[in-house]
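Residue 206 is where the sequence shown ends in the numbering used here, and the numbering goes up by one at each step.
If you're looking for bench data, these hints aren't it; they were derived computationally from the structure.
Each residue gets a CB set at the ideal place from its N, CA and C atoms; glycine is no exception.
Keep in mind that the hints are not guaranteed to be accurate.
Label-pair distances were calculated between CB atoms; the ranges are [claimed, not checked]:
id: 1; residue 1: 135; residue 2: 98; range: 47 to 57 Å
id: 2; residue 1: 131; residue 2: 39; range: 51 to 61 Å
id: 3; residue 1: 93; residue 2: 2; range: 46 to 56 Å
id: 4; residue 1: 94; residue 2: 151; range: 16 to 26 Å
id: 5; residue 1: 93; residue 2: 69; range: 36 to 46 Å
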Amino acid sequence: MNLEGQAAIVSGGASGLGRATAVALAASGVEVAILDINQDAAIDAAREAGGFAIACDVTDAASVEAAFVAARERHGPARIAVNCAGVGTAGRIVGRDGPLPLDAFRRVIEVNLIGSFNVMRLAAAEMSTLDPLADGERGIIVSTASVAAYEGQIGQAAYSASKGGIVSLTLPAARARPRPRGRRRANAPRARALRRARRSDRARHL
Numbered sequence: 001m002n003l004e005g006q007a008a009i010v011s012g013g014a015s016g017l018g019r020a021t022a023v024a025l026a027a028s029g030v031e032v033a034i035l036d037i038n039q040d041a042a043i044d045a046a047r048e049a050g051g052f053a054i055a056c057d058v059t060d061a062a063s064v065e066a067a068f069v070a071a072r073e074r075h076g077p078a079r080i081a082v083n084c085a086g087v088g089t090a091g092r093i094v095g096r097d098g099p100l101p102l103d104a105f106r107r108v109i110e111v112n113l114i115g116s117f118n119v120m121r122l123a124a125a126e127m128s129t130l131d132p133l134a135d136g137e138r139g140i141i142v143s144t145a146s147v148a149a150y151e152g153q154i155g156q157a158a159y160s161a162s163k164g165g166i167v168s169l170t171l172p173a174a175r176a177r178p179r180p181r182g183r184r185r186a187n188a189p190r191a192r193a194l195r196r197a198r199r200s201d202r203a204r205h206l
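Working from the sequences, and respecting the hints, build out all of it.
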């Protein structure tokens with residue numbers, strides 16, 4: 001896809017990977033809408049990226065729907081959506097104070113998994129109404145998985161479950177893409193590095 005002049009939505013774009021993504025997209029000529037629950041941080045990130053800040057709670061359907069309307073009015077319909085909103089609250093299933101509070105587990109699932117689906121479903125619906133580009137695509141949706149989906153550590157039950165959900169969601173979402181095609185993909189930032197390290201380790205023992 002030629003990024004120049006396209007509109008993008010980046011959830012969790014006020015900090016970390018989301019902010020870096022928003023800045024990189026803007027540098028490629030993309031009109032970026034930064035969605036984040038922290039409005040002040042979103043405004044700061046938008047100032048850096050030259051984008052548009054929108055206060056948004058990805059776990060709330062009405063909040064994300066309103067954010068899409070605001071972004072569309074500002075930049076036009078989005079052909080790029082990137083899910084970076086997430087939390088990483090750690091906790092053992094059974095710790096010193098007893099079992100992990102259910103609300104703590106639920107919160108991670110709501111933000112990381114349900115929040116990503118919330119953005120995905122609205123982005124896919126919006127892209128499905130657009131005419132295909134010269135390459136036949138209508139748009140792309142990227143969600144953020146993690147190596148924790150495959151190699152979860154102690155204290156990562158909620159986080160690993162949420163990222164495993166992202167991995168499992170991506171294939172059926174891609175198969176259900178509108179025609180002509182629109183892409184959905186999930187990135188696990190450390191997974192590829194881990195696979196390379198394992199191949200290197202096996203090679204040393206041959």
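Results of checking the hints against the structure:
For residue 135 and residue 98, the hinted distance range of 47 to 57 Å is satisfied, since their beta carbons lie about 55 Å from each other. Between residue 131 and residue 39, the C-beta spacing of about 34 Å breaks the proposed range 51 to 61 Å. Range check, residue 93 to residue 2: about 47 Å between beta-carbon atoms, so the 46 to 56 Å window is met. For the pair residue 94 and residue 151, the supplied restraint of 16 to 26 Å holds, since their beta-carbon distance comes to about 21 Å.
Separated by about 40 Å at the C-beta atoms, residue 93 and residue 69 satisfy the suggested range of 36 to 46 Å.
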